[in-house]
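There are 2 protein chains.
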Amino acid sequence: MAQETEVREEEMQREYRNVGKPVTRIEGAGKVTGETIYADDMQLPRMLHAKVLGSPYAHARIKSIDGSAARQHPGVEAVFTPADLPEYKKNFSNRRGVIFPDEEVLFYGQPVAAVLASDPHVAEEALALIKVEYEALPPVVDPITAMEESSPLVRSPLGDVDRSEERGHVTVGVEQEEAEGKPSNIASQMNFKRGDVEAGFEQADVVVEHTWRSAVVHQSYIEPHSTVADYDASGELSVWTSTQAPFYIRDELSQTLGLPENKIRVTATEVGGGFGGKIYLQELMVAALAMAVRRPVKYIMSRKEDMLAATPAPQAVIDLKTSMTRDGKLTALKSRVVYDSGAFPGAPMLPGCLLVGGYYKCENLDIQGYEVLTNKVSVGALRAPGAHNVTFAIESHMDMMARELGLDPIEVRLKNAVEEGDPLPSGQPYPRIGLKQCLEAIAESEVWGRRNRERGTGNRGVGLAVGGWLGGLQPASAIVCLNSDGTINVTVGSADITGTNTSFAQITAEVLNVPLEMVNVTTGDTRTAPYAGMSAGSKTTYTVGRAVKLAAEDARQQMLEIAAKRFEAAPKELEMADGVVRLNGSDEKTLTFQRLGRLSTNFAAPFPAVVGRGAITTRKMAPGFTAQAAEVEVDTDTGEVTVLGFAVAQDAGFAINPLSVEGQMQGGASQGLGIALSEEMMYDSEGRLLNGNLLDYRMPTTRDLPPIEAIIVEVPSEEGPYGARIVGEPSIVAGAAAVGNAIADAIGVHLTDAPFTPERVLRALGKL
Amino acid sequence: MAQETEVREEEMQREYRNVGKPVTRIEGAGKVTGETIYADDMQLPRMLHAKVLGSPYAHARIKSIDGSAARQHPGVEAVFTPADLPEYKKNFSNRRGVIFPDEEVLFYGQPVAAVLASDPHVAEEALALIKVEYEALPPVVDPITAMEESSPLVRSPLGDVDRSEERGHVTVGVEQEEAEGKPSNIASQMNFKRGDVEAGFEQADVVVEHTWRSAVVHQSYIEPHSTVADYDASGELSVWTSTQAPFYIRDELSQTLGLPENKIRVTATEVGGGFGGKIYLQELMVAALAMAVRRPVKYIMSRKEDMLAATPAPQAVIDLKTSMTRDGKLTALKSRVVYDSGAFPGAPMLPGCLLVGGYYKCENLDIQGYEVLTNKVSVGALRAPGAHNVTFAIESHMDMMARELGLDPIEVRLKNAVEEGDPLPSGQPYPRIGLKQCLEAIAESEVWGRRNRERGTGNRGVGLAVGGWLGGLQPASAIVCLNSDGTINVTVGSADITGTNTSFAQITAEVLNVPLEMVNVTTGDTRTAPYAGMSAGSKTTYTVGRAVKLAAEDARQQMLEIAAKRFEAAPKELEMADGVVRLNGSDEKTLTFQRLGRLSTNFAAPFPAVVGRGAITTRKMAPGFTAQAAEVEVDTDTGEVTVLGFAVAQDAGFAINPLSVEGQMQGGASQGLGIALSEEMMYDSEGRLLNGNLLDYRMPTTRDLPPIEAIIVEVPSEEGPYGARIVGEPSIVAGAAAVGNAIADAIGVHLTDAPFTPERVLRALGKL
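Protein chains in written order, with my numbering: chain A, 1 to 768; chain B, 1001 to 1768.
In case anyone wonders, no lab produced these hints; they're calculated from the structure. The reader is advised that the hints may include incorrect statements.
Cross-link-like lysine-lysine pairs, in silico, DSBU-like; alpha carbons within 35 Å at most [to be verified]:
| id | chain 1 | residue 1 | chain 2 | residue 2 |
| --- | --- | --- | --- | --- |
| 1 | A | K565 | B | K1589 |
| 2 | A | K90 | B | K1031 |
| 3 | A | K193 | A | K321 |
| 4 | B | K1090 | A | K589 |
| 5 | A | K31 | B | K1089 |
| 6 | A | K193 | A | K361 |
| 7 | B | K1090 | A | K90 |
| 8 | A | K589 | B | K1361 |
| 9 | A | K90 | A | K63 |
| 10 | A | K89 | B | K1589 |
| 11 | A | K620 | B | K1031 |
| 12 | A | K89 | B | K1090 |
| 13 | B | K1090 | A | K31 |
| 14 | B | K1089 | A | K620 |
| 15 | A | K620 | B | K1589 |
| 16 | A | K572 | B | K1089 |
Covered by chain A, according to a simulated footprint, are these stretches of chain B (three or more residues, beta-carbon under 8 Å) [said to hold, decoys possible]:
| id | region |
| --- | --- |
| 17 | 1031 to 1042 |
| 18 | 1163 to 1170 |
| 19 | 1260 to 1274 |
| 20 | 1430 to 1440 |
| 21 | 1521 to 1529 |
| 22 | 1606 to 1612 |
One-sided excerpt, in silico: chain A residues whose CB lies under 10 Å from chain B [as the list claims (entries may be wrong)]:
| id | residue |
| --- | --- |
| 23 | H73 |
| 24 | E77 |
| 25 | A78 |
| 26 | T81 |
| 27 | K131 |
| 28 | Y134 |
| 29 | T171 |
| 30 | Q255 |
| 31 | L257 |
| 32 | E261 |
| 33 | A443 |
| 34 | I479 |
| 35 | G486 |
| 36 | G533 |
| 37 | T601 |
| 38 | G612 |
Here a beta-carbon is modelled for each residue, glycine too, at the ideal position from N, C-alpha and C.
Could you build all of it, start to finish, from the sequences and the hints given here?
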């Protein structure tokens, strides 16, 4: 159960019967019993299966592709080389604008051709029969090398870059400078400057400067990317896909394939894990092939294909220099933030630059961001994209400076932590936030309580770090209908990847003052659902939840008006509770929801059906902060780091479903521990992925993870429903930094490269 | 193309760009190319196929059922006898309240057990292994015999009868008397009385009295009843079924299976023909079996199963006595209207009694209706249920009386035809109607023009008849959304069985003043769609169309308000045309729909998503009348009747899509000709169906049908969108009567039994 802070007042809680209460997820039973229908479970008449041929080179020129032998293979229905593709609006500057390259292959595993067969194994077999002649080109694998003037170019120059997908994760009114002038591997850059950093360093008593590296990590959802598409005789395209962003896919397909949006139906099938990585990827290819063959096409990535050619999270190299006065005041921060974007733009340089200087008040800032291209797979979002990379840097520095000055790491953070009104590096002021409250809460955690007890004993240590995320902003809408039997249906357009539909049921039940079971929530497809933005940027409850609340209030009003007419009273004289509308204080003048349902649906019913509608927009962020503490034990002989305990304090604004919020906090923390300890996609010097499977790419299992203490902090947001703010992403942000600080607490050395593998630990200890 | 009458003014038409224009159906291409996904095309993981064992007796007691041998059959997964069924709220008084009888079998082919197997052929094979021991009971097959006091009882007594399904087809505030007291085979009865019929007969110059019989006819949709159901671990029931009434099914399943409506999702799959027969039938069984085995279950009726055990339209026996003065005034009408309901109540006695005395002003009425049970399959609706049976009687009488008095059949009808304000037999006054205008229009038809030319030559004749239908009433709602690219999505809850979604697209495009292609319409399922009544009773355009219009107007207003804010103007200063909103007269202050879409969906967009909502109810009927003329040739040697020409004038109120209205008129007329000429389900004395297939049950094919002249009359309804009124049903009503009158015109004899088979013609001619 959630621990509560003083921020949520006892009084306030008692008013609520549904929101703020822990409930299990409405779609959960289907998932745990295996009954949920995923995209791969879909069968359509005449359906074909696609398999894709990936490039064996990280950089090459295709000289010729010959699909004729594959076409002859028994069971093969079609082979698509670049030349066979139907027309679409190509944009080689964006990963999602390319089905197959016309000529230049940019990363190892990049799809260059596809086979359609009635059986997926036949399709796979036939891939070997496609003859591709490549001219190998020099690959550029390391981003720092790529930035050098002397570096070969990763690719032909970029044209117009569309950054709409990244904006879904973090929506701030700041633009980066796209590459211009002389061709280079720098796709874009940006600079935030404030005050005078050199003067700031001068004033300080301690200056720390290091370079921090983090690895390419994969979202590693259980379900790989999965899509089915069909294009029918009416010119209507239907796409069923495991996505967080059905409306975004509709919009993109519309623009790329030249179909109006009203002729496209995207159904977000149940998502078997997304974490930011399931926005839009293979849908264009599957749709285009279905349109070409006029048959349904299914494409389910194998694990290997997904690791080779989906969009993992980027590695980053952060040069950071910070300084502090003796009394713990941060005086200057200078950073070069380099994100390796892979072969296409799309790296989270913007949030990285905002966050590296965004946690603490600092008068002197100079943050220079680079988004650098390499011949690796292009990157995508992974829960607070880019945040963990820079947080690892700044939060290690905070500890290093505190240690040098002999200050308490929590005190030093509290002294500098941003509050409402403080500027982001971009100058935008923060709205109401709860960073300080998270720090105060983590100070009370059991894990942090062991800080001084453990230090130095048996190579154990305890460390902490903060993290945060700004969140996305997008309009949203919802419909709330009263059924004939008095139960309630809610329809939204947002994919439910984190239990948001359960929270929407709670919100609706709260507004209508009924037990939760009376409400069900459905994610419609893009033809039947009211619009919602992508389920990314942690914004779903914050935005769609508000629309649901409005729609429920609208339905409530309609129901009160029906009852008021029947009672010849005013709506405000009525009360609504437990499925009954009642004239204040009357035992006789009552109408059940069921009766209201019948009165508005029966044959010749006297009232119209009750259809509540809510539509909102918001331009105000509700950033979410976290403070996390780790207790580790380091085996100085083997280099192995064991996390013994972990605590996450996070500001949820208001936890509509504390169980779900805790789940998010624990899930994100687990991923943060994976980033800290073991997850790393490894490439050789030719840009070939070395560990494209889940045996060699090491995610932590439950056996690797400690119990995770979740402490919900509630500093209400200004616009979210019941004060809820963004929740999904912050929990991943601070893990690497907290574990790194705990290791330093244990062995006295900060590791500058994550993950903290045994090899790196031993190297840090001077044992390798 | 539709011929127009003076009722729709030329001026009015010119105002419209979308409504009133003939357009092809938006879902048509999928149907004609075979790409449409019907229920039978669905595949779900782990799905089982059901086959049903029918009773070989029309009346029997089940002594024992042994499914054990069938259960052992390889491939069989489950066998359900009555004892194996899960619990449900049985109601043996309604067909839809019984999955299998506990004991008493009531009609030949009644399902008594089911097999589930992974292959439908295996399931069918295993049926033969179910051992049922029956005790045969005396069957009662003829309804008139059944009414006799001495008749054996058809069944154990009825309890509470639910008539909600019938009310969907015709919604008038009149109740029938349910059977009470001594058990008999009369399920219900009713009486309408006005004036003094005996005095009326006295005043008249001619009195005609006959008995009119019509046959059991089958809806004979191309697609038989088809259902898939699944029940998941969350306790949610999903049903995909070929139905006209998804919300009705939801409500019924909720009550019968004890599930709340918010846990039931009914998807109306594309209906391959309904005609009133696809409301609710096997859905309960399929859902119950799916719940029992916790796997998806599919049940597709074979043609034979459908003809044996679906719900055809009833036979009726109408005793009618009418009288007229020399100058053509109807003075009295007395009728006994007997509908054979089969083994369960549900016959359309109520509309029959209303219509037999509902076409003409008549001061003296005595109409006695009986709904009689027999051991035959229970009946359902077929397009204007019950109307053709009584119309055959009254419209034959009008001709007979006119002929005896030497009056013109059109004149005599015009003299007596009901108008706005005239009472129905129940006393309710008619709203605005167009019966007279239909008569005037048919007088101008080509077919009627041949009336005097053809008479007597070569056994050719021309006859006419009127018909009408009152229609159903139910609340409706709709949602109209603006997409990001400026196109429009409409969501409704009504199954589209007649092209109604196309009309809704026209209505929306009209309101928003855009080309039709910019609008698409989707029927959602009962979880995502706003409520709509069943697509029956011809009410879909009349009710849902009005909701769509309101929703489009709401969306329009929201769009104008966004533009008004951008232009700093008032919404009323703006105009909207061709996807652009413009400040009156300005070339600069314009906003495209696409821009409006982006402004309400983009990241950090300044405006909420545009979601128009419309919800209506109506308690005012919009009855639809028709006048139809037939030209026939009778082969007096073989008795064969050939229809050489047919004309239908019908009041559509306002034909939103004249192409679709004509299609309805022609389709209904074709079915009317089938009823007139050849369609008849034949039972032997043991109640066994003799012609349960489409070779022996003879529907007219295109080779049997003449060209059908469609004349659209437009007397606007008071509440329908743009004046539209009910359209789907009236066209079937007058065919038998018109052909009968034409035969009489040709050979001088009225046939009193339909269909007019060669045998009956020869008998009437005294040749048999």
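Evaluated hints:
no.	hint	result
1	A:K565 / B:K1589	violated (44 Å)
2	A:K90 / B:K1031	holds (33 Å)
3	A:K193 / A:K321	holds (14 Å)
4	B:K1090 / A:K589	holds (33 Å)
5	A:K31 / B:K1089	holds (30 Å)
6	A:K193 / A:K361	holds (14 Å)
7	B:K1090 / A:K90	violated (61 Å)
8	A:K589 / B:K1361	violated (44 Å)
9	A:K90 / A:K63	holds (20 Å)
10	A:K89 / B:K1589	holds (31 Å)
11	A:K620 / B:K1031	violated (48 Å)
12	A:K89 / B:K1090	violated (59 Å)
13	B:K1090 / A:K31	holds (33 Å)
14	B:K1089 / A:K620	violated (53 Å)
15	A:K620 / B:K1589	holds (28 Å)
16	A:K572 / B:K1089	violated (39 Å)
17	1031 to 1042	holds (count 6)
18	1163 to 1170	holds (count 3)
19	1260 to 1274	holds (count 5)
20	1430 to 1440	violated (count 0)
21	1521 to 1529	holds (count 7)
22	1606 to 1612	holds (count 6)
23	H73	violated (26 Å)
24	E77	violated (17 Å)
25	A78	violated (18 Å)
26	T81	violated (27 Å)
27	K131	violated (35 Å)
28	Y134	violated (39 Å)
29	T171	holds (5 Å)
30	Q255	holds (8 Å)
31	L257	violated (12 Å)
32	E261	holds (4 Å)
33	A443	violated (35 Å)
34	I479	holds (6 Å)
35	G486	holds (8 Å)
36	G533	holds (7 Å)
37	T601	holds (6 Å)
38	G612	holds (8 Å)
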